[in-house]
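Taken in order, these protein sequences are the chains called A and B. Numbering of the first sequence is given in our numbering, commencing with residue 40 and proceeding in unit increments. Numbering of the second sequence is given in our numbering, commencing with residue 232 and proceeding in unit increments.
Derived by calculation from the structure, the hints in this document are not laboratory data. Hints are supplied without guarantee of correctness; some may be wrong.
[What the hints assert, rightly or not] Incomplete in silico selection of chain A near chain B, CB under 8 angstroms: (1) SER315; (2) ILE318; (3) ASP322; (4) GLY334; (5) LYS369; (6) ILE373; (7) TYR381.
[What the hints assert, rightly or not] List of simulated lysine-lysine pairs, DSSO-like, C-alpha gap at most 27 angstroms: (8) A:LYS272 with B:LYS468; (9) B:LYS447 with B:LYS468; (10) B:LYS308 with A:LYS273; (11) B:LYS468 with B:LYS342; (12) B:LYS447 with B:LYS491; (13) B:LYS301 with A:LYS358; (14) B:LYS303 with A:LYS358; (15) B:LYS310 with A:LYS273; (16) B:LYS243 with A:LYS272; (17) A:LYS272 with B:LYS310; (18) A:LYS273 with B:LYS410; (19) A:LYS369 with B:LYS447; (20) A:LYS395 with B:LYS447; (21) B:LYS308 with A:LYS272.
[As the list claims (entries may be wrong)] Chain B is nowhere near these chain A residues, computed Cβ spacing over 12 angstroms in every case: (22) PHE46; (23) SER54; (24) ASN82; (25) GLN95; (26) ILE352; (27) ASN361.
These figures come from a predicted structure and were not determined experimentally. For glycine and all other residues, C-beta sits at the position ideal for the given N, C-alpha and C.
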Amino acid sequence: MYDNEFFVVDMASCSSTGEVINSLSLALETLDGLGKKIILKLNDSYYNQSQMLSIQSLITSYGCTLDTIETTNEQTVKVAENMNILVQKPIEKRVEEKYGNETGENNFAYFSMTDSQNSDDIPLKESDELHFEADLDEIKRQQDNIDIKSDLQNLGIDAKADFSQIEAQTSVSYNSDDVSKTLDDYAKFNEMQRETSSYNQNLQYSDENSQSVDEQKIDEVENAQKKSIGVYKKAYDENLQNEQQWEEVDFYETETNEPIISDTKNTTYINQTLRSGQILEADGNVVIIGDCHPGSEIRAVGDITVWGILSGIAHAGYKGNNSAKVRALKMNAIQIRIGDCYSRRPDDTNIPYILKTSIFTPEEARVVDGEVMLFKINQN
Amino acid sequence: MTGSVIVITSGKGGVGKTTTSANIGTALANLGNKVVLIDTDIGLRNLDLLLGLENRIVYTIVDVVEERCKLKQALVKDKKNPNLCLLAAAQTRDKSALDADQLKEICTQLKEEFDYVLVDCPAGIEQGFQNAVAGANEAIVVTTPEMSAIRDADRIIGLLESKEGVERYRLLVNRVRPKLIKSNDMMGVDDVVDILSCDLIGVIPEDMNIITSTNKGEPVVNDEKSIAGRAYINVAKRITGEEVPLLDIEETNNIIDKIKKFFSKKAQD
Numbered sequence: 040m041y042d043n044e045f046f047v048v049d050m051a052s053c054s055s056t057g058e059v060i061n062s063l064s065l066a067l068e069t070l071d072g073l074g075k076k077i078i079l080k081l082n083d084s085y086y087n088q089s090q091m092l093s094i095q096s097l098i099t100s101y102g103c104t105l106d107t108i109e110t111t112n113e114q115t116v117k118v119a120e121n122m123n124i125l126v127q128k129p130i131e132k133r134v135e136e137k138y139g140n141e142t143g144e145n146n147f148a149y150f151s152m153t154d155s156q157n158s159d160d161i162p163l164k165e166s167d168e169l170h171f172e173a174d175l176d177e178i179k180r181q182q183d184n185i186d187i188k189s190d191l192q193n194l195g196i197d198a199k200a201d202f203s204q205i206e207a208q209t210s211v212s213y214n215s216d217d218v219s220k221t222l223d224d225y226a227k228f229n230e231m232q233r234e235t236s237s238y239n240q241n242l243q244y245s246d247e248n249s250q251s252v253d254e255q256k257i258d259e260v261e262n263a264q265k266k267s268i269g270v271y272k273k274a275y276d277e278n279l280q281n282e283q284q285w286e287e288v289d290f291y292e293t294e295t296n297e298p299i300i301s302d303t304k305n306t307t308y309i310n311q312t313l314r315s316g317q318i319l320e321a322d323g324n325v326v327i328i329g330d331c332h333p334g335s336e337i338r339a340v341g342d343i344t345v346w347g348i349l350s351g352i353a354h355a356g357y358k359g360n361n362s363a364k365v366r367a368l369k370m371n372a373i374q375i376r377i378g379d380c381y382s383r384r385p386d387d388t389n390i391p392y393i394l395k396t397s398i399f400t401p402e403e404a405r406v407v408d409g410e411v412m413l414f415k416i417n418q419n
Numbered sequence: 232m233t234g235s236v237i238v239i240t241s242g243k244g245g246v247g248k249t250t251t252s253a254n255i256g257t258a259l260a261n262l263g264n265k266v267v268l269i270d271t272d273i274g275l276r277n278l279d280l281l282l283g284l285e286n287r288i289v290y291t292i293v294d295v296v297e298e299r300c301k302l303k304q305a306l307v308k309d310k311k312n313p314n315l316c317l318l319a320a321a322q323t324r325d326k327s328a329l330d331a332d333q334l335k336e337i338c339t340q341l342k343e344e345f346d347y348v349l350v351d352c353p354a355g356i357e358q359g360f361q362n363a364v365a366g367a368n369e370a371i372v373v374t375t376p377e378m379s380a381i382r383d384a385d386r387i388i389g390l391l392e393s394k395e396g397v398e399r400y401r402l403l404v405n406r407v408r409p410k411l412i413k414s415n416d417m418m419g420v421d422d423v424v425d426i427l428s429c430d431l432i433g434v435i436p437e438d439m440n441i442i443t444s445t446n447k448g449e450p451v452v453n454d455e456k457s458i459a460g461r462a463y464i465n466v467a468k469r470i471t472g473e474e475v476p477l478l479d480i481e482e483t484n485n486i487i488d489k490i491k492k493f494f495s496k497k498a499q500d
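Next comes chain B alone, as it looks inside the complex (with noise of 0.2 angstroms):
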């Protein structure tokens, strides 16, 4: 069995790498997939804290370069997927700490037994980012619709097309207010695909439920009520090979706008 090692990179900070990585994956392993997520973030680590599984963490990806344990000591088990494991980042060290090959045979190591690899990139297109790609098969371009974040994902396309591993790369928009797209205040996913043209794997409403859920450690897609939760279960099944039609943003934000009245009609009461 050789599963596929996908990267998610963005160039970049805070657009919602490690949110999407830790969702994704999370996502995957509820599907029924096996998936190990490898946050390659040294000395910036987060992906553990989404996770939940900070305090579970005895041996990192550094320890397992530098041979002080064995790839299978290091996985930790998600406290309710079995199906799920993290590698994580040492939190004390930096990203010379790892090179560019020694991630690439980790990445084939993890490949023989699980189906999905998910290598959560740090930011920047330095050390780090050349790590990160290089196991990689395929890639996830995170952006927001914001003229800095897709000048960035633009550069870091451009890096991807000249690396020889990446067969395929696909955009993820991440962020998306409908409200805003409306009133011309932001650019829509429609123009954020057209000026990078570049397959669109997903599009991620912004919704406050993220906020909450990174505090207390718990991955939105378990929470059935949140929209970005479904919007990443709808990215998960696209990589899986289902085809999903893309969710209705508009929709359920004029629900939620409905519920907001009601609300605020019976506050007004």
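Chain A extracted, bound-state conformation (with noise of 0.2 angstroms):
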């Protein structure tokens, strides 16, 4: 299980780079630790990039991977999502977050249901065995709810983490073998619940986090309507893999997705390529069966559609029609204009002349709130 892949080293302890790489040297020699993945538990000291790097590098140097940190100071979790390392809070902390100190009823009935496998062994206390007997039926419902492994499946890898946590915690737990069991196991059990509670809470937490970036890219396109030029962005994450994913942010699905007056337009068919210096000027549609090389000029009354690589200038609905769209089976345009929103291909990719075998992924610009946004074309 997880416990064989994962090593948690506690090294909250330790305040400086030099303690935390010299007990943890210490740690990874003592264990045999080739090709696990470490859970690096620090406390709230900041650690730059070159402090975590040489972490990491101890780390691989003894044949593990760094997978994920524990601290709750944000400049370090900062660092360590640069160096695409996972990060957590600690989770006294997670669940000080969600659930307060309270602890419910939900956590004795859920004590109960992971102890009930060997819960025979168990002396109880009078009303407490009253009130586990009284449950019983309710737990077993929920232990068939919790499918802890196909939950798993569903989580990303920081709940893994999270989870074999849990699982250390517990396979210590049973193998002490002691069958008296006092309070202090019902005060770990407890602790436990709130872990695996808090973990299903991730699941919650993660959702949360996703809506906030939502409503973040909403306030930036806002910010941003009023910039005369600006850099047009890929509405989609662009290293996504998985399809299903990014068919929700699909743009036929979404709302601002309003019916094309200019389809309605004659449409101009051009069967060469577009060089430099020359203009193309249409009152409708234009389709462009070729490349535009940079220094050419797209401008159309309606939409714009290359069936190449779109490195010009593209100017479409170019007499105010701003829900007019540009699509290229390769989209490079040093600039995109659409109605009266202008942008500019962004610095960091400011390549003039693109090579005809790169790979194409056909793109349409559309404007989403005054800024020109570039979609993925769906392929279905």
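Make the complex out of the two chains shown on their own, each in a separate frame, by following the hints.
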């Protein structure tokens, strides 16, 4: 199981990087940690990128990988995110955030559930026993509901890491083989339950996160509205492999997708490459079978569709139609202008010429809230 | 405040007018002057590419002349240095879109607000050249140590002398290779100056960094390691009136040779 893959290393007591590295190397030496993933618990002090890198390289030198970092320091979190290391808040913190200090009835129910496998071994206090029996049916139902394995598959690695900790702790308590479990064990299990529910909460938490990100995006869009020349953005995540997920951001499902007025206009077909210095002006839509080199310009009252690489300037709906669209097999336009919205190519992708052998990702540019955005064209 | 309008011209193509404009402009701006670069090579614009400002151009000099926008709207600010502005040429038109009086008017307007107005001249001696020179009161003639470039530079100097506005012209010898000069395969800088009998403003050695910087859209003066960059900074200082001795290309080249030897030795080991 997961406790075989993950190691939780608690370095919260160490205050400096030197201390961390020292005790980490000691810990890794004593463990046979080849090929394991390390979950590093750090305290709230700040570790910069170079310090983090040295910690990471130490771990890799022992044949392990640094998988997750547990810290409360926000700057460290940022550094870790830059280095593609997963970050989670310490368990105590997460429980506090989600539950406060309250431990409701659920806790007890859940405890009994986890314990039901070897409940025979456990002598219970009378009052607790009563409660336990009364709740047993409900507990079983809950047990069915929480199918941990399937949950794990659905969750990201973050949750996996969480769960491995719980697993590790449970295995410890089972292996102790102490038949006479005391109230201390209750407390332990209570804590365990809290952890597990916080792990369930993680799901919701991530959902909330994505929602707030969406809100942030909308805010950004609103702020950028009044710029005369903005940067055109990709409305989808380029690195996203899962097709089901990018269907959610597909433009056909967004509300702003209004019927295109310019569809009714006549269309100009051009079957040649547009070179530098050439302008193509059209009353209606434009379809170009070929490339548009940098320095060329297309102005159309309607939509522009380029069956090739678009590297010049494209101005769709140039008599003020903001619902016009620009489509291309490969979008590398210096500027995309739609109606009265102007946007330029981002500086980090400022490549004048694109090789014809490159991979084509058909994209469509539309105006969303006054800003030109790129959408992947759905190939279904 | 009245700035000076400097035209950068050569006659022959491919000697490095645009590279010189971009680098001197950036160097002058880095020295704290307000600089505007005007690209008059309409239809074959390249200056925006060298500065990496290609994607920011909305209005061009032709739009200004044809009154589709105001002059200030057409000025594109540099990414790094706010002192540097570019007035781009139109790519979709030709040289006849502009005439000499219009450019003179633009230059006089810009002179009021900027310390230096650098005009990048197109190759040739036709309309484009006449336009670019119209507003200038100073000229930098770029040439390389080759017979063809020198002959064209001679012609250009002759034309500049007959212009009324141009008070002063100086020579910039570009793409000098000290090795070839040493082995008598290339004309020396002194010979070039001697033939053209003209003041020298600077000597720029051949530098591989120019090619990479052109492709990156980042002038070579921002790269401290480049010899050409340092030579261009010296030229900019001379424009501001500072007296800077000529960069000893041979010595720096010797250092490079030493480094090359060092690496070739290492490779052999």
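To see whether the hints hold, each was checked on the structure:
A distance limit of 8 angstroms between C-beta atoms decides the matter here; for SER315 (chain A) the minimum to chain B is near 6 angstroms, and the interface restraint holds. Evaluation of the ILE318 (chain A) hint against chain B yields a held restraint, the C-beta minimum of about 5 angstroms falling below 8 angstroms. At its closest, the beta carbon of ASP322 (chain A) sits 19 angstroms from a beta carbon of chain B; the interface hint therefore is violated under the 8 angstroms criterion. Annotation: GLY334 (chain A) was flagged as interfacial toward chain B, and the flag holds, the nearest CB pair being 5 angstroms apart, inside 8 angstroms.
Restraint check, LYS369 (chain A) versus chain B: the minimum CB separation of about 16 angstroms is more than 8 angstroms; hint violated. At a threshold of 8 angstroms, the smallest CB-CB gap from ILE373 (chain A) to chain B is about 5 angstroms, leaving the interface hint in force. Because the closest C-beta pair between TYR381 (chain A) and chain B is about 6 angstroms apart, less than 8 angstroms, the hint holds. As the CA atoms of LYS272 (chain A) and LYS468 (chain B) are separated by approximately 41 angstroms, the hinted pair breaks the 27 angstroms bound.
Only pairs whose Cα atoms come within 27 angstroms are accepted, and LYS447 (chain B) paired with LYS468 (chain B) is accepted, the gap being roughly 25 angstroms. In summary, the hint linking LYS308 (chain B) to LYS273 (chain A) is supported, as the alpha carbons are separated by about 25 angstroms, within the 27 angstroms threshold. Distance restraint check for LYS468 (chain B) and LYS342 (chain B): the Cα-Cα separation of roughly 19 angstroms lies within the 27 angstroms cut-off, and the hinted pair is therefore satisfied. Between LYS447 (chain B) and LYS491 (chain B) the alpha-carbon distance is near 25 angstroms, which keeps this suggested pair within the 27 angstroms criterion.
Between LYS301 (chain B) and LYS358 (chain A) the CA atoms are separated by roughly 21 angstroms; this keeps the pair inside 27 angstroms, and the hint holds. Our distance criterion of 27 angstroms between C-alpha atoms is met by LYS303 (chain B) and LYS358 (chain A), whose separation comes to about 24 angstroms. Restraint check for LYS310 (chain B) and LYS273 (chain A): the C-alpha separation of about 22 angstroms stays at or below 27 angstroms, so the hint holds. Restraint check: the Cα-Cα separation between LYS243 (chain B) and LYS272 (chain A) comes to about 42 angstroms, which exceeds 27 angstroms; the hinted pair is violated.
The suggested pairing of LYS272 (chain A) with LYS310 (chain B) holds, with an alpha-carbon distance near 19 angstroms, which does not exceed 27 angstroms. Between the alpha carbons of LYS273 (chain A) and LYS410 (chain B) the distance comes to roughly 51 angstroms, so the proposed pair goes past 27 angstroms and is violated. About 21 angstroms separates the Cα atoms of LYS369 (chain A) and LYS447 (chain B), which keeps this hinted pair within 27 angstroms; it holds. Pair hint LYS395 (chain A) plus LYS447 (chain B) holds up; C-alpha atoms about 20 angstroms apart against a cutoff of 27 angstroms.
Taking the CA atoms of LYS308 (chain B) and LYS272 (chain A), the gap is near 22 angstroms; set against the 27 angstroms cutoff, the hint holds. Listed as a non-interface residue, PHE46 (chain A) keeps its Cβ farther than 12 angstroms from every Cβ of chain B; the least gap is roughly 43 angstroms. The non-interface label for SER54 (chain A) is consistent with chain B: the shortest C-beta to C-beta separation is roughly 40 angstroms, beyond 12 angstroms. Distance check on ASN82 (chain A): its Cβ is at least 40 angstroms (rounded) from any Cβ of chain B, clearing the 12 angstroms threshold; non-interface status holds.
Residue-level check passed: GLN95 (chain A) sits 31 angstroms from the nearest beta carbon of chain B, beyond 12 angstroms. Chain B draws ILE352 (chain A) into its interface by the beta-carbon criterion, the shortest separation being 9 angstroms against a cut-off of 12 angstroms. No Cβ of chain B comes within 12 angstroms of the Cβ of ASN361 (chain A); the nearest lies about 17 angstroms off, and the non-interface call holds.
Checked against the numbered hints above, the structure violates hints 3, 5, 8, 16, 18, 26; every other hint is satisfied.
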